[in-house]
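Engineer: The listed protein sequences correspond, in order, to chains A and B.
According to this note's numbering, numbering within the first sequence proceeds without interruption in unit steps and concludes at 480.
According to this note's numbering, numbering within the second sequence proceeds without interruption in unit steps and concludes at 480.
Treat each hint with caution, since some may be false.
Note that identical chains are pooled: a pair holds if it fits in a single copy or bridges any two copies.
Taking lysine to aspartate or glutamate pairs in the EDC-like style, the calculated list, with each CA pair at most 16 Å apart, reads [claimed, not checked]:
#1 K478 x E209
#2 K256 x D135
#3 K151 x E106
#4 K374 x D26
#5 K139 x E178
#6 K253 x D332
#7 K46 x E70
Hint data in this document are derived by calculation from the structure and do not stem from the laboratory.
All values derive from a computational prediction rather than experimental measurement.
Protein chains: 2
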Amino acid sequence: MAKEKKQEFVQHITPRDENFSQWYTDVVTQTDLMDYTPVRGCMALKPYGNRIWELIHEQLDKMFKDTGHENVSMPMLIPESLLLKEADHVEGFAPEVAWVTQGGTEKLQERLAVRPTSETIFCTMFSKWVQSYRDLPLKYNQWCSVMRWEKTTRPFLRTAEFWWQEGHTVHATAEEAEEETQMMLNVYKTFCEKNLAIPVFAGQKSDKEKFAGARATYSVEAMMQDGKALQAGTSHNFGTNFAVPFEIQYLSKDGKLEYCHETSWGVSTRLIGAIIMTHGDERGLKLPPMIAPFQAVILPIAAHKGGVMEKCGEAFSALKAAGIRVKLDDRDNVSPGWKFNEWELKGVPVRVEIGPKDIENGVATVMRRDTFEKTAIPLDSLAEGVNALLADIQQNMYRIADEFRLAHTKDVHNYEELKAQVDGGYARAMWCGDQKCEDKIKEETAATSRNMPFDQTPIGDTCVCCGRKASKVMYFAKAY
Amino acid sequence: MAKEKKQEFVQHITPRDENFSQWYTDVVTQTDLMDYTPVRGCMALKPYGNRIWELIHEQLDKMFKDTGHENVSMPMLIPESLLLKEADHVEGFAPEVAWVTQGGTEKLQERLAVRPTSETIFCTMFSKWVQSYRDLPLKYNQWCSVMRWEKTTRPFLRTAEFWWQEGHTVHATAEEAEEETQMMLNVYKTFCEKNLAIPVFAGQKSDKEKFAGARATYSVEAMMQDGKALQAGTSHNFGTNFAVPFEIQYLSKDGKLEYCHETSWGVSTRLIGAIIMTHGDERGLKLPPMIAPFQAVILPIAAHKGGVMEKCGEAFSALKAAGIRVKLDDRDNVSPGWKFNEWELKGVPVRVEIGPKDIENGVATVMRRDTFEKTAIPLDSLAEGVNALLADIQQNMYRIADEFRLAHTKDVHNYEELKAQVDGGYARAMWCGDQKCEDKIKEETAATSRNMPFDQTPIGDTCVCCGRKASKVMYFAKAY
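Generate the whole structure from the sequences, applying the supplied hints.
Structural biologist: Structure representation (structure tokens):
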């Protein structure tokens, strides 16, 4: 029976190069990360997927606190009148709002939006909380879920409800707001690269692609294994765009009434989609150790033989004591082969096998999920050995993803090159800045402008699309 | 200016014995825990209040995980048809549901409830996830906010939206479900007593007061300083009440199809109300060290004098390194007196003053918020001293609350005694078990049945209300 099931695992995952999209769906549905629900476009995060989000939450939250932010919790419902206050913002979000119109038996006089994002309620409260320059800056964040009535949804990548964090800050000056916007973009870049082993392109969005209501939007863009872009996080500088309609003003040191400058920034459960599509392979998930729910799984071999379960128990305690997230898989109703497949599918970075032969030799047989290499680690230094391996896997996964990214990113100098390059990668091109060129490129190649890198050293002087004079360096790619 | 403001603090808090309800409102609104919002009945948790909830979350979550539970995240919207499946449940919750009827530009065919609680969506998913006895038990929990369209609301005690955790578990047998229900009640009891320093009465609710859809509900009931009860947490055994309509069945070892047995349990941001009303005094909040956002605040005295800020910085580093949540209040625009008042108001357990005289003596002057006692602690063992003090404060706060509780709890043997006792305390009484008596007592005394203690040693043999034969011991009290 175990054999039969073992084969099922392999059968069910479509190869990546055959149909990347189907491969993604196969991996997502077979790894217990989430499940579909009867609520249109909404998913349930199962323990395994939810735990990844918890680890992202914990680690990012620490970075937010270390950069001076505090968490708050705002209402999930927002009165329509507040949503209407900033014109661009409402235009961007109104078409995808879920509306509460009834409370108990009472028909509401004013509709309430299930928050699609919380700028308008934050701004409403900020206008109460900010009086004087002494109240500034306010650097707040909240962890919650938001709702956008999307027409087509895909697990993690685009769902009606998704979980995220949204930072909202208020500053006295334009300079401080810009500094905050850039700092948080950088926090996201560091987090993606160090914690998720996902290299990203950081830069500024075009006016067309910026957030509804923002003066400037910056993003970190990751590359999936099909060469497509995935926007992993955004950081917005609002200037006074919201402060004016919401009347967020402060009395300056000189006694003058001034408008505040604001920012917002967020990442979401989308990051889990990015992890899957950056690192996964034919065997399933491949999780970076830093956010893996289990960093190591211990599998007893010939568990019925004397001493095996005992040694496994000792190994479990040793790894746990060393701060490793470890699971001892002591199920007796499936074979070791079945377990090998299951934990490979689930992407656990390190597999620790302990059987009679290992014990005889005083070692555990350890396999790393990223390369499938096996080594023997002495049982009496198992925790040190596994910890070193985890650090190496984390680095190696980043290196491989970064090599892939660089191999699939090219400078393009004309439209034909652009078209060819975005068929599986990022194109770096000169762009005149005209939205018409973005529209044309999107229509004809399905690629969109991703962002303008901070290093704007020109690679030419004419627009890749219209041939007019161009001074902006822009990344183009097809995107999720 | 500082003097003037200092007086304001004192002026604004109504004495507890003059008007407890106003005292509560004064404390809540002046301590930056929360703010009212333009969304009816919904509050915003400000950083200080949100941090208390975060600490509750962290500490309880660990207890949940240590007892074998895993976190998940379910959709916030629930289709009406699911809510209708369990008759008692829908009857209990339908009147207070906020309904989404419109998604983007589309009028929905079926209304979606903003979750008032999540039994129905959990059960829907459980029916997919449970097939065999090998899948059991499932022991899940989620942290989220829920919405109940309440007519009258009070910060923390009763709000339209509130934050909570809801555990939902599925078991093979009735015994296991009952064991889980009791275990989680016990987790809540331990948490209230150890972490919040709030003593509680644990017991079983009457049929009238049990959860809509439950077979049995257990609760922990705390006593506020006005002698009223506050239900601090509940744990429900559903038996097969939900499993039958939702068809949650498993194939047993013997190959028979059996219905599952379920539980759910929750505590909410109400606990913050309980903390305020159990421990607070005329100066404001008094926070138990374990959930205080800042356990100690360091105040420089004569900060401009040489060496003061330096010593304060050293003290800050020492306390922080010892794992103490510490704040250094180095504001130069308010006086030490103003700061004293502010941090007393905010309930910080320990105040550490360091001025030139202290430095001369090699000590810090330390005040404990629970008793206002001042001691000198040598600067070179400040962290140990403060940590010992924090442990003592935690215990002392529990002791004081427990003495108050015992002094305001009495056995009553007739209706007159009952009436007198519930006017500021808990009455322990014999009860016949008839709901009519509960109704009569509520109508005439405003007290409700709280719970039946596990120790059911009779204190008489006739019902305190109707005089008929009675075998149940029940606590009655007015409640929030």
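Engineer: Hint by hint, note whether the structure agrees.
Structural biologist: Now for the hints, and whether the structure bears them out:
1. K478 x E209: So K478 and E209 pass the 16 Å test inside one copy only (14 Å; across, 58 Å).
2. K256 x D135: For K256 and D135, only the intra-copy Cα distance (15 Å) is at most 16 Å; the inter-copy one is 66 Å.
3. K151 x E106: Close across copies (11 Å), not inside one copy (29 Å); limit 16 Å.
4. K374 x D26: neither (27 Å within a copy, 65 Å between copies)
5. K139 x E178: Within. Shortest intra-copy distance 13 Å satisfies the 16 Å Cα cut-off; inter-copy 46 Å does not.
6. K253 x D332: Between. Shortest inter-copy distance 15 Å satisfies the 16 Å Cα cut-off; intra-copy 72 Å does not.
7. K46 x E70: between (28 Å within a copy, 9 Å between copies)
When each numbered hint is compared with the structure, a violation occurs for hint 4 only.
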